[in-house]
Structure formats: structure tokens, C-alpha cells
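Q: Make the full structure from the sequences, and use the hints.
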Amino acid sequence: MRKIPLLIAVFCASILYSFAQTPTTTDTAQYPEKKLKLDEVNFVSGYYHQDGDHSAVTGGIGTENLTDVANTIELNLSNINKRGNKHLFSFEIGVDTYTSASSDNIELPGQDSSINARISLTGPSHQDTRVYPSLSYSVENEKKGIIVGFGASYSHEYDYVSKGLNINFVKTSKDKNRELGVKLFAYLDEWTVIYPYELRPPNYGTGSSHDNLPVDIKPRNSLQATFTLSQVVSKRLQVVLLLDPAYQQGQLTTLYQRVYFNDNSERVEKLPDTRFKFPIAIRANYFLGDRIIVRSWYRFYHDDWGNTAHTVSLETSVKLNPFFSLTPFYRYSTQSGIYYFAPKSGHSIDETFYTSDYDLSNFNSRFIGIGIRLAPPKGIFAVKYWNSLELRYGHYIRSTDLVANQISLALKFK
Amino acid sequence: MLLIIPFGVMLSSCVTVKPYQKMYLNDAEMELALRKAEKYEQNFLLYREGSSGANGGKSGGGCGCN
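One line per chain: the protein sequences are A and B, in this order.
The first sequence runs 1 to 414 under this note's numbering.
The second sequence runs 1 to 66 under this note's numbering.
Do not take every clue at face value.
BS3-like cross-link-like pairs, simulated, lysine-lysine; straight-line CA separation at most 25 angstroms [as the list claims (entries may be wrong)]:
| no. | chain 1 | residue 1 | chain 2 | residue 2 |
| --- | --- | --- | --- | --- |
| 1 | B | K36 | A | K82 |
| 2 | A | K86 | B | K22 |
| 3 | B | K22 | A | K143 |
| 4 | A | K163 | B | K36 |
Covered stretches of chain A (in silico footprint by chain B; criterion: 3 or more residues with CB under 8 angstroms from a CB of chain B, positions within the stretch not fixed) [stated by the list, open to error]:
| no. | stretch |
| --- | --- |
| 5 | 271–280 |
| 6 | 286–297 |
| 7 | 366–376 |
| 8 | 398–409 |
Please keep in mind that the hints were generated in silico from the structure rather than gathered at the bench.
Note that the Cβ used here is the ideal one computed from N, Cα and C, for glycine as well.
A: In C-alpha cells form, the structure reads like this:
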């Protein structure tokens, strides 16, 4: 066993050694300067619908019906300065609109004629819009094989605001067959606390814009580090190892989710205020023959709430011709669930933490679907700058009886 | 360990591929990053499952409570 840390140390040292480059004489050559230009525009649209019968808002029972329509536009610009450094700018804005039947039950469930239900229909989150712009900048020194960058993001929905910052560093080996990437993220979020109708403290607001009573705003902070090491193994195979630890602190409990105990009492969900997540994954892509690309991915996940998960995904792109491919895909995931989950009436009143959120329960899931990709050399429908079109449909089944469908469309203009 | 050791073995067995030999590797569908069209799939999977991360997306920030 003592040899394992030594093996890891030798492994890391060999990786670092492979990135080492002999110092060269200072290059004073002038490069042709290129003005800022628009390189690429991406549009992505998605439609998602789910239904199930284990809503966390109603304590693990009740409808999980939810529909989400999402659209994103991304602009990528670049220029090259006299030193030959490439400056990359990216701007993205996305808008999601969703309707959620379970959120409607934050107010009195099943009493649509009541004043409270009417408030909810126009209030907290029966229907909501999330807007999320982000910006990033990076500079690439191709000669040294280094990219350094930073970015910022913002996300706003009715009861939740997220502000994010990130920095990144990428080092490519001299032969361009190996790449090491480090990205650090920090999200500083604020959550407006909304309680279910019957568990709301006296003189506490509903969270509705029509209600003048005060509501609390609580922080939730997340730190994430992403480490990637990619490697070209052969002319047809490349792999990447991803390590993505994340630490969350603050309001991790969703305070409008009910829990029903085995003595028939009722409270709002309660979870620890810190969480450490440790996912590690490997992705391998292989070009088989002249027409088939196999994309595979496996992830191991563990967190300190006791959830352990294994996820595997396999995609096979079949090129019917060089510009048109069909991609059936399959993803399987299994998770143990957190320590603090129990179904309705499964919790005892003396427990410290409790939830009936089935997203955190023991289950397995399957996601199966197909994608098509068109990328003709003269452009889609002969539109010169319309580089590619990708359409994907997937059907998701979870062993807790949740079923969902997702359709996505991605358009690239270049 | 189960992922790092095979990855290390794979690294030790890899060959140097010259830029002009990267015809297959440079295919758009050989990219090691997620496809653009997978963006929203990752989004709903992040919300609907207790596990997240190590797939090129975020694993913190945002609500995901509906």
C-alpha cells in the first residue's frame, strides 16, 4: 500500500517533466497583427419536460410535472497582437423559462380556489424566468503552449441570484499531444427563503411581489476546482482525466420542501450547511475505421452526505458521409442516496437532518437517445457562414418513476 | 485509483503523433469537450441527480431546486 503514494508521485513528476521545455533565446520577431474579429456564433435551444409523482415540495408525494424552455447565444471573438499572442473574448447570454407544478404547491396544495393558491400562481416560482449572462477572456501564447484566462457569470431567477468568478490556466506540451488544465470557480449565491404556507413563521412574507411582509435572504457559496489532463494516445485515440472537487457552504437546504415524519408531524427539509463533492472521470474518444467515432465517459462520485454514484456514457457517431452523422447514445447512472433521505413518513422526529427529495435518494437512471449532425463544406442550406447544425433527442427514465424528455438544437455560425 | 492507474498505463503506452497525422483526432466529433447540444442535458442531469461534476460543466452555483 505504501507504494501507491510513491507511484502517484512518480506519475505526477513524469507528467510535469513532459511539459518542461528547454529555454530558448528571446524571440523578438514581429507577428502580423490581426484586428478583433468575430470567429464564431453559437445558438443552443432546449426543450425539457418531466413528470413523476415524488415531488420534494409536497414531502415526497405529488406531481413533479415541469417544463423548461431554454435558449443561449454565445459570441466568440479574437485578435492577435504584435507578439503573436491570441486574445480570446467570449460572451454568452441564456434565458430559461420554466413552469413547475410542484412549486405551485408551496402554497396550499390542492386548494386552487383559495386566496393563497391564487397568490402562488403569480408569486414565488410556479412560472419563472432565469437569465444568465457570462463573459470570459483568455490570452494564448502558442509558442509557449500556455493559455491564461478569467471569466465572470451572473444568474438571476425569482428567488435566487448567483454571481460567479473563475480563472483558468492551460499548458500544452511541445508536441501538442498532452494538455494540462486548471480552472478555479467561486460562486457567491443568495437565496430568498420561501416557506410552505402552513410552516411559515408569523408575519413572514410569501415571497410574492404582491406581499409587503419581509423575507430572509441567505447565502450559499460554492468553490470548485477543475483539473484536466488530456493525452493523445495514438492516431485514433485520445483520453482525458477530469478531477472536479467542489465545496459548498451556506443555505443548502431548500426551505420550501416539506418532510412528513412517522408521527404524522410536518417540518421543512433540513440538511447540513456544508457539502464536499468529489467526482473523478475519464473520457476516451476513439475513431474506429473511417466512419465510426466512439465517445465514452465514466465517472465515480462521492460526497460527504454519503452519496456514492457511478455513471457511464457511450455514444457512437456513424458518419453516413463526411458531413452527416447519426449518433445514438446511452447513459446509465446509479447512486446510493444520501444518509438523510427517507420517503414520506419514513423519518423519525429525533433525526438531526432529513429530506424527502428523491433527487438525493437511492436510484438508477437511464438516458437514451439519438443525435444528428450536419456540417456540409458549403454551409447548411448553402448559407456560407452556417457551419453546422446538431439536433439531439433523449428520453430519461429514473427508477423512482420520474420520466423526462429533452430536445436540443445547436447551430454554429463561423 | 481505479481510474488513475489505467490512465497512467495508457500514458506510458502512448506514441508521439505528428500534426500531419492528426486527421482523425482533429475531427469535430473527436473533441474531448462536451458537444454544444449537450449543454441542457447536463443542466437537467445536474438538477435531477445527486451526483455532479467531472464532465466539463459546473457542479456548484445556481439553484436547481425545482
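Q: A separate judgement is required for each hint: does it hold in the structure or not?
A: Here's how the hints hold up against the structure:
no. : hint             : in the structure
1   : B:K36 <-> A:K82  : violated (32 angstroms)
2   : A:K86 <-> B:K22  : holds (23 angstroms)
3   : B:K22 <-> A:K143 : holds (19 angstroms)
4   : A:K163 <-> B:K36 : holds (23 angstroms)
5   : 271–280          : holds (count 3)
6   : 286–297          : holds (count 4)
7   : 366–376          : holds (count 4)
8   : 398–409          : holds (count 6)
The structure fails to meet hint 1 from the earlier list, while all remaining hints are met.
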